[in-house]
Amino acid sequence: MSRALPMPKLGLTMTTGVVSKWHKVPGDRVQKGEPLVEVSTDKIAFEYGSPFEGVLERIEAPEGTELPPGATIAYFSGEGEPEAPAASPEPAPTAVATNGAAPAAAAAARRGERVIASPVARRTARQRGVDLRGVRGTGPRGRITLADVMAAASAIVAPRSVAAHAPVGAEPSGVRGAIYRHMTEIGVLPIADVSTEIDVTELATLLERRKDVSWTAAATLAVARALGDHPEIGGGAPCDVGIAVDTQAGLMVPVVRECDRRDLRSIASEISRLAALAREGRLGPDDVAGGAISISNVGPAKIARVRPLPNAPQRAILGMGAALERPWVRDGQIIAAPVLQLVLSFDHRWIDGAPAARFLAQIARYLTSPTEML
Amino acid sequence: MQHSPSPDVKAARTVDVDLGLALLRTMRRIRVFEEGVEALFLAGRVPGFLHLSIGQEAVAAGVCAALRRTDYIASTHRGHGHTLAKGSPMDRMTAELMARATGLCKGKGGSMHVADFSCGMLGANGVVAGGFGLVAGAALSQKILGKDGVAVCFFGDGATNRGPFHENLNLAAIWNLPAIFVLEANGYASTTSTRETTKLQDIATRANAYGMPYEIGDGFDAFAVYEATKRAVERARGGGGPTFLEFKCYRMRGHYVGDPERYRERDEVNARKSDDPIVRMEAVLSEHGVAKSTFEQIAREASEEFEAAVAFAEASPFPDPREALVGALTTDRDVPNDRGWDLAE
Amino acid sequence: MRTISFAEATLEAMREEMRRDETVFVMGEDIAKQGGIFGQFKGLPEEFGLQRVLDTPISEAALMGSGVGAALTGTRPVVDMHFADFITCSMDEVVNQAAKLRYMFGEQCSVPLVVRAPDGITKSAAAQHSQSLEAWFLHTPGLEVVIPSNPADAKGLLKSAIRSDNPTLYFEHKGLFATKGEVPDDDDYLVPIGKARVAREGDDVAIISYGIAANRALEAAKQLESDGISAHVVDLRSIAPMDYAAIADATARTHRMVIVHEAVRVGGAGAEIAAWVAQNCFDELDAPIVRLGAARVPMPFAPVLQEHVYPKAGEIADAARRLVRKQL
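Residue numbers (this note's numbering), protein chains in the order written: chain A, 19 to 392; chain B, 3 to 347; chain C, 6 to 333.
No wet-lab data here; the hints were simulated from the structure.
Hints may be right or wrong, so weigh each one.
[As the list claims (entries may be wrong)] Quick list of in silico lysine-lysine cross-link-like pairs, DSSO-like style, CA-CA up to 27 Å:
(1) C/K317 to C/K200
(2) C/K200 to A/K50
(3) C/K200 to C/K185
(4) C/K317 to C/K331
(5) C/K38 to B/K145
(6) B/K294 to B/K275
(7) C/K47 to C/K128
(8) B/K145 to C/K47
(9) C/K185 to C/K128
[What the hints assert, rightly or not] Residues of chain C placed beyond 12 Å of chain B at every Cβ, according to the derived structure:
(10) G44
(11) V314
(12) R326
(13) K331
On a predicted model such as this, the values are computed, not experimentally measured, just so you know.
We put the CB at the ideal spot given by N, CA and C, even for glycine.
All chains should be modelled from the sequences, with the hints used to inform the complete structure.
Below you can see the structure in the form of C-alpha cells.
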C-alpha cells in the first residue's frame, strides 16, 4: 500500500515551499530519519528526514517544484497506515522535525494522544523549535528524553550555499532564490527614509563596562522602548524585533520576542543565541516568523551608514553604522566624539515622514542617553 | 525526711506592715487584672484561652516578694499573677493578651505563653509540668556559672502526676540544685478533683521520695507564703539544695473562662469566698492600724493602672503578618521562611 | 591535616569549644565516668571537672528539659542522648520547649542547646537502638539538624552547633565513630550549618545524600565509573536548614536524581527534597526522581534480616544506572 509524503508545514506563515534537492532516487531503500529531501521557504532551507521506513517509490515533485504544505511530493511503498490517494492533499500537521515521524506518532497526533516527554526535553524542544510529535523517544515506554530532542535539533543541517551554482541570468533557487523573489516584490514599494547622527560617548562607555552587551542589543532595546510609544510604526504587532544576521546562505532575520518584557541583558543573550543558531543553520521556522520591526547593523564592518529595506510585511527597519570618531560640536566647542549614523527606512504607504522622524528621534535620544531606557 | 510545719502565724506574729502593704498591692493588682481581662475576654477582645488565678494571689505575691529580680521563675498556663508579681509591666502583658505587636511576646505567645526575661520570668508554659525542666536547668546554670541565684517552679496538683515532675525533682535533689518547687494546691487538676487522681492528702509528701525537704503552708496567707519562701531561698542560696513548698489554696473561677464547672457545686465555691487572701490581708493590716482609705487607694490605683494598660494595648498596632515567618531561629531574619504556598515566579 | 577517627574528631571539637567558652558544658548518661560508649568524652572530666561534665540518671525528660532551662539562662549545654531512639522519651522537651520558646516568647530568649544523638543501623542493635529520626526534626520548626558523614565534618559541624544560638540536633551514626579521615589542623575549623558539600563532581546523575549514606553514595559512584557513568554526589551535611541551592545546581547539571538516606524512605527527608525538586526544578528533569531509604519496618535483629532492609552502595549504583540507562 503506497504511503504519500506531504510537503511539510514549516512555520505558521508558510504558504509554499520549494523542493530544492532530492537526496534519494526512486527505488532507494530509506531508513527512518535519513535525510531525504531539502525544502526551502522564503525564510529558511530545511533538511527533511524521512518519516517512513521503506522504499521510495515515486517522486511527484521534482527539484524546483513549488507546492503548498500538505501537497504530496513523493510516494513510499511498503507497510504502513493506508493514506488518501495522491490527488487530495493530506491534512498537514505543523512543522515536522527531521529524525522522522514514526507512523505511530503521526497517528497519535491525529488521535490527539499526549506526547510523553521529560520536562527538560519539552523545554529544549520549545526553545529549539522542535516539534515533539516528530521526535522518536528512546526513554522507557517511548518517553522522549533530552538526548532525543538534541538529536532532532541537530538534524536540521546547515543550508548549503546553493546560489553559487546558479547559472548567470537564471533565477536562483534555494535561500538565494527566496531572497531574490522577496526583494523583487518589495522593489515596487514606496520606501522613504529619515536619518540622523548622534554622539554615542555615553553608550560607548556603557558598552565598555558591559562586555556582555553589543551595539545591536542596545539598539534593540532603544527600538523596543520607542515602539512602546509609537506602536503604529509596528502596525500594532507585538513588540518582537528582528535582527538581520549575515550567514553563509544569505540574509536571515531571526526575531527577539517580547522585547517590551526584556531588559538589556536579556535582549543581548537572546540575540547571541539566535545569531549562533542562524550561523549554524539551525534556525527553526518559528524563529523567523512575525516581528514588528527589524534592525540592520553594518557597524562590525566599520561602515558608517546603511539604508536597509524593510523586511516586508514589516513597515520599517532601522539601519545603523559603526560608531566612528568624528569632529563634533559640543557646547560650542569642536571635539572628537564617537558618532553613529542611524537611518529609519519606512513603507510610505503606512507611515508618513513626521511620525517616522519622531520615532527615530526617540531612538536617537535613548542611544545618546542610554540611562533613560535602562 | 524533714518536714517543717509552718509556724503558727496567727499566734505570735510580728506583722511587717510595709511588707503587708506591698503584698496587698501586688495581690490587688493581680485581682484587678484578672477580673479585668475576664471581662475583656467575655467581650470578645482577647483571643484564645484565658486561665484565671483569682483566689490564688497570695501565692504569687508571697513567693515573688522573697525573690530578687534576677532570680528565675517558671509558670503555668495560669500565669498572669506570677508574671505581675515578678515585676513585669501590666501594660505589656495586657497588650500580649490582646495580640498586639507591643505585647511582651510581640503577640506570638498570648495568655498561655506570657514571658518576661527582663525580670527572670521564664515563661508561662502551655504544657502541664513543662516548667520543671526549665527550672532545674536554670538552677544548674547558676551552679555552673558560680552565681547564687535561685529558680522557682510554680505548678498545680495536676503536674505532679507527670513524668517530668519526678525526673526533675530527683535530679534537683541529687545535684543539690538551688531550686524551689511551689505547688499551688487548689484541689483541682483542670476539671478533675485531686481526690480522684492522687491518694495523698498532702502531695508535698512526695518530696520524701526524692530526699527533698518540704513545707506545707496556708496559701491564703501572703505572709505565710512569703516566710516559707524566704526559708527555702536561704537554703538554696546557701548551697542547701532544693525545697518543695505546698500552699493550700482555692481556685475561685473555673479552669478556663467559659468553663461550665460541672465538676463542683456552687455551694462549695461560695463557701470558699471567705478564704479570699485580699480580704484576709486587709483584716490583718487593719488590726495593725492601716486605714480603710489606704486599701481604697490601693484598689483605685490598681484600677487606674489596668485602665491605662488597656488603653495602651488598644492604641497599639497588631503585628505585621510577615512577622509570623521570623523569630523561630536566630538566623531566620536572613533567610525567612516561605509559607509553602508562596509560589516562585 | 591529620588522620583521626570520627570519635576523636568530635572529642577534639568538645575540648576546643569547652576551652574557648567556659559556659559550654556536657551532660548525659555514662559520659563522665565511662567517657562515652564510643570514647567520645574521654579526658573531659579530668580537664574541665565534674561540674562541666555531668553524669545524669536515666531521666531523658529531665536531661533534655534541664538542658533547655540551662540554655535559657546563660550556659551552652551539650546534651548527649546516648541513642537517638531515646529522644522519644523527651519529645515534649525538644518539640514543645526547645523548638518553640524563642518564637513563643517573641525572641526574648534563645536556646543555644546541642543535642548529640548517636543513631543508625549497626551490629544487630535491633528495633529500639537503630533508628534514624532526623525527619521528625526537619518537620519541627525552630530546630537545626546536622548530620556529618566524616571526621572533618563531624568536628566542624559540632563546633558550629555549639556556637549556634539555635537548638541543634547533631546526629552521629554509630557505625561512623571508628571510621578515620583527614581533619584540618586548624583549631578553629568550622563547617557552616546549612551548607552542603559536593563530595564528587559528575554530569550523568546526581546522588543527594547525607550521613553514612553519603559514604555509600561515594562507593556507588566508584562502581558507576566503571560503567562509564559519572555521578555527582552531594553530601548535604545539614538538613535543617537545607542547602536547596546545591540541590538545584545538581539537578541543572545532571537532569537525573537519586536521593538516599538510611532512614525509612516513606516520609523521610528525601521526600521533602524530591517534592522541592519536582516543583522548583521541574524543567531540568529528564527522568523521575528516585528516593532510596530503609523499608517501612522496625529494624530486625538477625544480621541477614537487618542487611536486607536498607540501601547500600550496590543498590544506590543500581538505581543511578537504571536512571541513566532510561529504565526508569
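Structure-based check of each hint:
At roughly 25 Å between alpha-carbon atoms, C/K317 and C/K200 fall within 27 Å of each other, so this suggested pair holds. Straight-line distance between C-alpha atoms of C/K200 and A/K50 comes to about 49 Å, which puts the hinted pair past the 27 Å bound. The hinted pair formed by C/K200 and C/K185 meets the criterion: a straight-line CA distance of about 22 Å does not exceed 27 Å. A hinted pair counts as satisfied when its Cα atoms are at most 27 Å apart, and C/K317 with C/K331 qualifies at roughly 22 Å.
For the hint linking C/K38 to B/K145, the alpha-carbon distance of about 20 Å falls within 27 Å, and the restraint holds. Between the alpha carbons of B/K294 and B/K275 the distance comes to roughly 20 Å, so the proposed pair stays at or under 27 Å and holds. For the hint linking C/K47 to C/K128, the alpha-carbon distance of about 23 Å falls within 27 Å, and the restraint holds. Among the hinted pairs, B/K145 with C/K47 is consistent with the structure: their alpha-carbon atoms are about 23 Å apart, no more than 27 Å.
Between C/K185 and C/K128, the direct Cα distance comes to roughly 19 Å. Compliance with the 27 Å bound is thereby established for this hinted pair. For C/G44, the requirement that its beta carbon stay farther than 12 Å from each beta carbon of chain B is met, with the minimum near 24 Å. At roughly 32 Å, the least C-beta separation between C/V314 and chain B is larger than 12 Å, which holds for a residue marked as non-interface. For C/R326, the shortest C-beta to C-beta distance to chain B comes to about 32 Å, beyond the 12 Å cut-off, and the non-interface label holds.
Distance check for C/K331 against chain B: the nearest CB is about 29 Å away, which clears 12 Å, and the non-interface claim stands.
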